[in-house]
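Those protein sequence lines, which keep their order, are chains P and Z. Sequential numbering of the first sequence, starting at 100, is according to our numbering. Sequential numbering of the second sequence, starting at 435, is according to our numbering.
Just so you know, not all the hints are guaranteed correct.
Straight-line C-alpha distance at most 30 Å; calculated DSSO-like pairs for lysine-lysine [claimed, not checked]: (1) P:Lys106 - Z:Lys443; (2) Z:Lys504 - Z:Lys483; (3) P:Lys106 - Z:Lys446; (4) P:Lys399 - P:Lys193; (5) Z:Lys446 - P:Lys336; (6) Z:Lys500 - Z:Lys483; (7) Z:Lys504 - P:Lys113; (8) P:Lys117 - P:Lys392; (9) P:Lys193 - P:Lys136; (10) P:Lys336 - Z:Lys443; (11) Z:Lys544 - P:Lys136.
Calculated from the structure, these hints are not laboratory results. Quick caveat: nothing in here was measured; it's all calculated off a predicted structure.
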Amino acid sequence: MIVNFWKSLFETDKNPTKGEALHFKIFELFVVIFVLKYAWQWGPYIQQIGEVVLPLGIAQYVDVSFMFEHNISLINAGLISIFALFGFFRVLPKYSYLITLGLFHLHYVSRFSLGEISHGSNFIGTSLLALALALFFFNDDPVRRQRFTMGFIFFFFGLGYTSAAVSKLIGTGLTWPSGEHLWLWIAERSVDVSSSTGSFTPNAIQEWVLEYKFLGTLSLAFGLIAEFFGFLFWFDKTRPYIATALIAMHFGVYFTMNIMFDVYIYELLIIGYPWARLIDQYLDLDKNPILAKTYDWSVKFA
Amino acid sequence: MERRNSLTKSIKITLVTLIIYGLLVATHLGEFWPFSIYPMFSQAGNPWKRAIVQEINRAEIDSLWKTTDKNGLPGKTVALNELNVNTNDIANYLSKTEVWTPKKQSGVRKLLQKKLLKQSNLLVYQARGSLSDNDEPKLEFVPYFYFSADTTISNPDLRTE
Chain P
100 MIVNFWKSLF
110 ETDKNPTKGE
120 ALHFKIFELF
130 VVIFVLKYAW
140 QWGPYIQQIG
150 EVVLPLGIAQ
160 YVDVSFMFEH
170 NISLINAGLI
180 SIFALFGFFR
190 VLPKYSYLIT
200 LGLFHLHYVS
210 RFSLGEISHG
220 SNFIGTSLLA
230 LALALFFFND
240 DPVRRQRFTM
250 GFIFFFFGLG
260 YTSAAVSKLI
270 GTGLTWPSGE
280 HLWLWIAERS
290 VDVSSSTGSF
300 TPNAIQEWVL
310 EYKFLGTLSL
320 AFGLIAEFFG
330 FLFWFDKTRP
340 YIATALIAMH
350 FGVYFTMNIM
360 FDVYIYELLI
370 IGYPWARLID
380 QYLDLDKNPI
390 LAKTYDWSVK
400 FA
Chain Z
435 MERRNSLTKS
445 IKITLVTLII
455 YGLLVATHLG
465 EFWPFSIYPM
475 FSQAGNPWKR
485 AIVQEINRAE
495 IDSLWKTTDK
505 NGLPGKTVAL
515 NELNVNTNDI
525 ANYLSKTEVW
535 TPKKQSGVRK
545 LLQKKLLKQS
555 NLLVYQARGS
565 LSDNDEPKLE
575 FVPYFYFSAD
585 TTISNPDLRT
595 E
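Isolated chain Z, as found in the complex (with noise of 0.2 Å):
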């Protein structure tokens, strides 16, 4: 009597913990920690955006927009890992902003700020992957800010306010 009582409140804690489980993902868009659909790699072939963080020399501010390929990066990669930012971080928050609002700006220079106060000049470029008509991948960067220690510039193409 004891084990099916035990068994019948096990099973109810369990069933209407997935139904909270149903309720939440289905309301959040898939996401509610520690539940989720697992939707990660669900969209095979799909274009993907990416971020890095270059360091320059020196800033040569009328080129520093230019759309490139992996070779044509300027500079010297940032190691992200150094600075203890995820790299994932900057990836979503270029990708998922719009409207780069003077605070939006300052959050990716918190992220860097480390290598900021050693006087570096980074350019901050989204990594945009898709595949070409005959299925290869294909590569371009667009540059989205330039940061030194007293100066942060948009791509002129950037939603501001």
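One chain only, chain P, in its complex shape (with noise of 0.2 Å):
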């Protein structure tokens, strides 16, 4: 049973698809955009803090103020963006996307030394550090490495919305989903936005949450469950199931609390669903001219 569930995480036993190929790369580059994405967004930031208040990971053995002058973070998010193409391209291909998660992993060290702890970019680090593994150890077979990555990811995706569940029922308990914690969190959002843009309104949904307290407890009530059950995220036939749940409960969080988990919603979009499969069934690779080359392009980088 237990090589069996491994088996089907990893999908040996399936024959490679085009589908399969031109879904992994679609997934890769967005992954690498992501990595662009946070390494110039946070490059500038970091040249406006002046002290590390809180140190995170590696900053607990190295002291990363020297990042916050003399634009070293944005030079650090330039070597970022260099070797995360050069993963993309396949140059360097055993060692590129290594070296980008440990220059990420100083940026996000630096990005976040002022006390605030984000998980925003936590599944496009654990996705890096799959291609990275995936590179590094499969190096010669691109089946392989496609097929480690997404079991990899599947394995932890499950695993970390799992673990957020348990984290909630060791912090408080079974009475976590009560409503008035909602109305808590909802006030302290309401700083929040006020202190982001100036001013907060509550939404209609927030301003029901506040006036019957029961619809408070039923929208945490769904949010606990669904990440609960964040391991279906490991089988191949529960796992649109529960990418849906987990969207759905994400759009209740930005809806109750104004918090957008983004970037999580595009990855459960991108991963959750059976899209090589439905690339197989419902294009022809060969006949569309633009398909065609957007395949070969992906089999020349796989």
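Dock chain one against chain two, each of which comes alone in its own frame, and use the hints as you go.
Here it is, written out as structure tokens:
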């Protein structure tokens, strides 16, 4: 049974398809785009920081304040970009994503050295780690590389969501979904939104939740259950359902608390559904010249 | 055979990563990017601390350090997004700093530099929220710093060096 679990996770018994190769490269492009986005979003921000308040990760061992001056963080953003693009185009394939990951970690701990612990980029970081390990250990075989990357990501994404639910149950207990807890978070977010934009006006859903406590309880209970069953991401058959539930949960967080985990939603949309199978079934990659070209290109840099 | 080797290798890499993941989060308070136990919102109902910055017209030094509610905030709230500053950073900076050394104080100033260069007078508040006895959220705003282009004054109740 356990062997079957791993076999299904890494899809070792399946024959490779064109749809799979194309889907994988699209996914990889998505990861690289977000690595570049974070690199250049954080690069200038780090220059505004004056002091390490909370050292995270490697910053607990190395003083990262050197990143705050002389545009070092911009140079780091440039290096991240170069090595991420190297990885994507398979230049120095064995090491490029590993180097990107190391530099990206340094970027993260510098950007979030002021006390906030942000999880917005964790899934992109995990995906980059998966790609880095795949290119390092399966350098000679594109199909195995793709299978390992996706299996690794399914495993750690599922684990991450379930861990989030377990953290809530340990941190608070079974009363976590009580509606008044959402009231307190809405009040917290009202301060955050005012502070960010200068004003805050509750939306209709927030007003309903503030009016009817049971709606808050229902909303939190749904989120907790969806997260708890995150491990269903490990199984091919249940993956689209749990992806849908988790996307709904993220939209719920957005409407009730004004927190948008957009990159999580995009990534769930890309990896949570059987796109490779749908491409094989409904798109004839040989007949459409644009698709044929895209496929050839994705194989060239597989 | 090749497929089996590939599977064994994939399992080994995943399990070794899992062990490293576990060791890193266990020894670094649950966080070692990109690894995390994802503890966000795990402590429901607990009091929280955030931050808000008000732009005031004239510095009434003697009346600066009054704790107030939302309606009592003086001046106009500064939209930190317009300064490219994330409100979480100021909130965490205030809540995680215990001793306000001159360097720590200038760290807050640096974040608000764009506004201070325009000759603004700023009052930085810590917002504190909690549930009251009847489960209603209650908020209070505690002033921390007054900043102007050439002045920094901290609330006398803060621990300074």
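Going down the list of hints, with the structure as the test:
1. P:Lys106 - Z:Lys443: holds (12 Å)
2. Z:Lys504 - Z:Lys483: holds (14 Å)
3. P:Lys106 - Z:Lys446: holds (13 Å)
4. P:Lys399 - P:Lys193: Roughly 16 Å between the alpha carbons, so the hint for P:Lys399 and P:Lys193 holds.
5. Z:Lys446 - P:Lys336: The given pair, whose Cα atoms are some 24 Å apart, holds under the 30 Å limit.
6. Z:Lys500 - Z:Lys483: Given pair Z:Lys500, Z:Lys483 holds - Cα atoms ~17 Å apart, limit 30 Å.
7. Z:Lys504 - P:Lys113: violated (60 Å)
8. P:Lys117 - P:Lys392: holds (12 Å)
9. P:Lys193 - P:Lys136: holds (23 Å)
10. P:Lys336 - Z:Lys443: holds (24 Å)
11. Z:Lys544 - P:Lys136: holds (24 Å)
Comparing the model with each earlier hint shows a violation of hint 7 alone; every other hint is respected.
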